[in-house]
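Engineer: So the chains spell out like this:
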Amino acid sequence: MSEEVKVFGAWGSPFSRRVELALRLKGVQYEYIEEDIFNNKSPLLLKYNPVHKKVPVLLHNGKPIAESLVILEYIEETWKSNPILPEDPYDKAMARFWAKFLDDKCLPALWKAGWSPENEREKAVEEACECLKTLEGALNGKRFFGGATVGLVDIAANFIAHWLGIIQEATGHELLSAEKFPHLFKWTDEFVSCSIVKESLPPRDKLLAFFKDRIAGAMDAPTEASK
Amino acid sequence: MAAKEEVKLLGFWVSPFVLRVEWALKIKGVKYEYIEEDIFNKSTLLTELNPVHKKVPVLVHDGKAIGESFVILEYVDETWKQNPLLPQDPYQRAMARFWAKFAEEKIFEGAWTALCSQGEQKQKALQQTREAMEKIEEQLQGKQQFFGGESIGYLDIILGWISHYLTVWEEVGSMEIIDPAKFPATMAWINRFLKHPVIQGTLPPREKMLVYFHQRSKELGSTSHGWLRV
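Chain order of the listed sequences is A and B. For the first sequence, the working numbering begins at 1 and goes up steadily by one. For the second sequence, the working numbering begins at 1 and goes up steadily by one.
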C-alpha cells in the first residue's frame, strides 16, 4: 500500500519539527518540503493552507491539514504504532490540557521574555517563570511528560528543550536554570538525548547564528510563521 | 458504565465556555450537578480543582477535574459514546479541530477585543472578526443543518456562542460584526441552532447579559487587555 505523506516545514520552526518528530516516532515515511517562510512562500503552501499561509502543513493522500497540534492528533489517529497519547480518557485530557497550556500561555510568555526590551523585561520574565514553574509541577518527577516514553506534551514542549537554551545563549538572559527548575532542566536533557528526537532537531549552530542575526538586525516582534 | 457516576460542572451563569460543556452533556443525556461560581470571588473549590488557570468551566467526573472547554468537550465525547460530537473519520476530525481553533482565535478573540476597545484597535479587531466570519460563512455553504451534519456536533458547540452573544456584544459595543444580508448561511445556521431543543432553555437572559457586558467592557476598556474573557 503506497501512501503519500508530505510535510511542508521550515528548518528552524519548532512547530513543523513537532510534526516531523511524531511521524518519525511512528516510523512513517514522508517527503519533506522546505519552505522559505520569510521571503518566498511557495504557491503549494498557499494552496494547502490558504487560511493561515503557515507551516507546518501535513499532506496525506492529497488532503492538507494545518496547525501543529491538530496535525499531531491526526497522526495519532491515523498511524497506531507508538502511541503519543494515553489510552485513558482522563490522562488523554490532561495531555491535551498541557499541550494547550504550552501553546496558549507558555510559549508566548517565553518568547516574549526572550526578546523584551529592558523596560519590559522584568514583568515578561516573571510571567515566563510562572509558566516554567507550572510545567515543573506538571512533570511531577516523571522522566517525560508522557511518562516512560515521549508523548504529545513532550513533543509540544520541544521549543523548551532545544530552542529556549539557544535563545538564552544568543541573548545572554537565562530563564530555564537547573537551580530553579531542576526537573524540567533534566527533562530537556532526557528529551534531546533520545535518538529519534535528536535527528529531528535543527542544528544548534545554525539556530544560534539565526538568533544572533536577529538580535543584530533588531527585527520586529516575531510572529508564529517566523519561529 | 458504572452504576452511579458523579459528574459536576463548575460554571458561571454568563460564560460561553461553560455553556459549551452544558450543551455537550445535554446532547449526550449525561446527568450533572451544576455549581455556580462567582468568578470575581473564586471559591477554594475552584482554585483547588483548576489551580493552573483558576477558571470555569471545570468538569469533575468521578472526582477527577478537567479544565479548558475544548479539552472537556473531547473528554465528554470519548467518555460517553452516544450522540458523537466529533466525526468518526480522522480527516474530518482534523477539519473540525482546525476550524474550532480558527474560530476561537480570530472570531471570539476579535469580537471580544472589539467590544473592549476603542478607535483604531477596535476597527482592526472588527475587520479581523468580519474576515474570519466570511470564512465560516464559506464553510457553511451547502451544509444541510449544522457543521456536524444532521445533528449538532463539536464545531457547532464551539461556535454556538455566536448565536446568542454576538448581537449582545454588537449592541454593547455599538458595532456591527455580522450584516445579516451578507451572511445568509450563518444566519440560517444561527436560527436552526437557537431552535434546537437542547439549546433552548440554556441561554442566559439577554437583558441580564446586556447589563453585565456593558459593565465588563467599561472595566476592561479602562485597563490594559487582560486575560479574563468574560
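Simulated from the structure, these hints should not be mistaken for laboratory data. Hints may contain errors.
No farther apart than 16 angstroms at their CA atoms in a straight line, the calculated lysine to aspartate or glutamate pairs in the EDC-like style are these [said to hold, decoys possible]:
#1 B:122 - B:176
#2 A:180 - A:130
#3 B:218 - B:170
#4 A:105 - B:109
#5 B:106 - B:134
#6 A:92 - B:5
#7 A:80 - A:169
#8 A:105 - B:89
#9 B:101 - A:103
#10 B:101 - A:88
#11 B:28 - B:104
#12 B:64 - A:88
#13 A:63 - A:4
#14 B:64 - A:130
#15 A:100 - B:104
#16 B:135 - B:104
#17 B:54 - A:3
#18 A:100 - B:105
#19 B:106 - A:76
#20 B:81 - A:88
#21 B:64 - B:104
#22 A:105 - B:104
#23 A:180 - A:127
#24 A:92 - B:104
#25 B:26 - B:78
#26 B:8 - B:33
#27 A:92 - A:76
#28 A:63 - B:89
#29 A:80 - B:33
#30 B:124 - B:176
#31 A:206 - A:169
#32 A:53 - A:76
Far from chain A, some chain B residues (derived; all Cβ distances over 12 angstroms) [to be verified]:
#33 50
#34 53
#35 132
#36 184
#37 194
#38 214
All C-beta atoms, glycine included, are put in the ideal place defined by N, C-alpha and C.
Engineer: It remains to establish, for every hint, whether it holds in the given structure.
Structural biologist: Results of checking the hints against the structure:
1. Distance restraint check for residue 122 (chain B) and residue 176 (chain B): the Cα-Cα separation of roughly 11 angstroms lies within the 16 angstroms cut-off, and the hinted pair is therefore satisfied.
2. The suggested pairing of residue 180 (chain A) with residue 130 (chain A) holds, with an alpha-carbon distance near 11 angstroms, which does not exceed 16 angstroms.
3. Between the alpha carbons of residue 218 (chain B) and residue 170 (chain B) the distance comes to roughly 14 angstroms, so the proposed pair stays at or under 16 angstroms and holds.
4. Of the supplied pair hints, the one linking residue 105 (chain A) and residue 109 (chain B) holds, its CA atoms being roughly 15 angstroms apart against a limit of 16 angstroms.
5. Between residue 106 (chain B) and residue 134 (chain B) the alpha-carbon distance is near 11 angstroms, which keeps this suggested pair within the 16 angstroms criterion.
6. This hinted pair does not check out: residue 92 (chain A) and residue 5 (chain B) have alpha carbons roughly 19 angstroms apart, beyond 16 angstroms.
7. Our distance criterion of 16 angstroms between C-alpha atoms is broken by residue 80 (chain A) and residue 169 (chain A), whose separation comes to about 38 angstroms.
8. Proposed proximity of residue 105 (chain A) and residue 89 (chain B) is contradicted: the alpha carbons are some 30 angstroms apart, above 16 angstroms.
9. Of the supplied pair hints, the one linking residue 101 (chain B) and residue 103 (chain A) holds, its CA atoms being roughly 12 angstroms apart against a limit of 16 angstroms.
10. With a CA separation close to 24 angstroms, the supplied pair residue 101 (chain B) and residue 88 (chain A) exceeds the 16 angstroms bound.
11. This hinted pair does not check out: residue 28 (chain B) and residue 104 (chain B) have alpha carbons roughly 23 angstroms apart, beyond 16 angstroms.
12. Using a Cα cut-off of 16 angstroms, the hinted pair residue 64 (chain B) and residue 88 (chain A) holds, with the two alpha carbons roughly 12 angstroms apart.
13. A distance of roughly 10 angstroms separates the Cα atoms of residue 63 (chain A) and residue 4 (chain A); the hinted pair therefore holds under the 16 angstroms criterion.
14. Of the pairs offered as hints, the one joining residue 64 (chain B) and residue 130 (chain A) is violated, with about 24 angstroms between alpha carbons and a cut-off of 16 angstroms exceeded.
15. Proposed proximity of residue 100 (chain A) and residue 104 (chain B) is supported: the alpha carbons are some 13 angstroms apart, at most 16 angstroms.
16. Distance restraint check for residue 135 (chain B) and residue 104 (chain B): the Cα-Cα separation of roughly 13 angstroms lies within the 16 angstroms cut-off, and the hinted pair is therefore satisfied.
17. Note on residue 54 (chain B) and residue 3 (chain A): the hinted pairing is violated, with a Cα-Cα distance of about 45 angstroms set against a maximum of 16 angstroms.
18. Distance restraint check for residue 100 (chain A) and residue 105 (chain B): the Cα-Cα separation of roughly 13 angstroms lies within the 16 angstroms cut-off, and the hinted pair is therefore satisfied.
19. For a cut-off of 16 angstroms, the pair hint linking residue 106 (chain B) to residue 76 (chain A) is broken: about 27 angstroms separates their Cα positions.
20. Only pairs whose Cα atoms come within 16 angstroms are accepted, and residue 81 (chain B) paired with residue 88 (chain A) is accepted, the gap being roughly 14 angstroms.
21. Taking the CA atoms of residue 64 (chain B) and residue 104 (chain B), the gap is about 26 angstroms. The hint is violated against a cut of 16 angstroms.
22. Using a Cα cut-off of 16 angstroms, the hinted pair residue 105 (chain A) and residue 104 (chain B) holds, with the two alpha carbons roughly 15 angstroms apart.
23. For the given pair, residue 180 (chain A) sits about 14 angstroms from residue 127 (chain A) by alpha-carbon distance, which is consistent with the 16 angstroms threshold.
24. In summary, the hint linking residue 92 (chain A) to residue 104 (chain B) is not supported, as the alpha carbons are separated by about 22 angstroms, beyond the 16 angstroms threshold.
25. The hinted pair formed by residue 26 (chain B) and residue 78 (chain B) meets the criterion: a straight-line CA distance of about 15 angstroms does not exceed 16 angstroms.
26. Distance hint between residue 8 (chain B) and residue 33 (chain B) is fulfilled; the C-alpha atoms sit about 5 angstroms from each other, no more than 16 angstroms.
27. Distance check on the hinted pair: residue 92 (chain A) and residue 76 (chain A) sit about 12 angstroms apart at the alpha-carbon level, within 16 angstroms; holds.
28. Straight-line distance between C-alpha atoms of residue 63 (chain A) and residue 89 (chain B) comes to about 13 angstroms, which keeps the hinted pair within the 16 angstroms bound.
29. Between the alpha carbons of residue 80 (chain A) and residue 33 (chain B) the distance comes to roughly 36 angstroms, so the proposed pair goes past 16 angstroms and is violated.
30. Annotation: proposed proximity of residue 124 (chain B) to residue 176 (chain B) holds, straight-line Cα distance about 13 angstroms (limit 16 angstroms).
31. A C-alpha spacing of about 13 angstroms is found between residue 206 (chain A) and residue 169 (chain A), which places the hinted pair at or below 16 angstroms, so the restraint holds.
32. Between residue 53 (chain A) and residue 76 (chain A) the CA atoms are separated by roughly 24 angstroms; this puts the pair beyond 16 angstroms, and the hint is violated.
33. Not every CB of chain A is more than 12 angstroms from the CB of residue 50 (chain B) (nearest about 10 angstroms), against its label as outside the interface.
34. Not every CB of chain A is more than 12 angstroms from the CB of residue 53 (chain B) (nearest about 8 angstroms), against its label as outside the interface.
35. Residue 132 (chain B), annotated as away from the interface, has a beta carbon of chain A within 12 angstroms; the closest lies near 9 angstroms.
36. Chain A leaves residue 184 (chain B) outside its interface by the beta-carbon criterion, the shortest separation being 21 angstroms against a cut-off of 12 angstroms.
37. Remark: the non-interface label on residue 194 (chain B) is consistent with the geometry, its nearest Cβ contact in chain A lying 27 angstroms away (cut-off 12 angstroms).
38. No beta-carbon of chain A comes within 12 angstroms of the beta-carbon of residue 214 (chain B); the shortest separation is about 28 angstroms.
Hints 6, 7, 8, 10, 11, 14, 17, 19, 21, 24, 29, 32, 33, 34 and 35, counting from the list given before, are not met by this structure.
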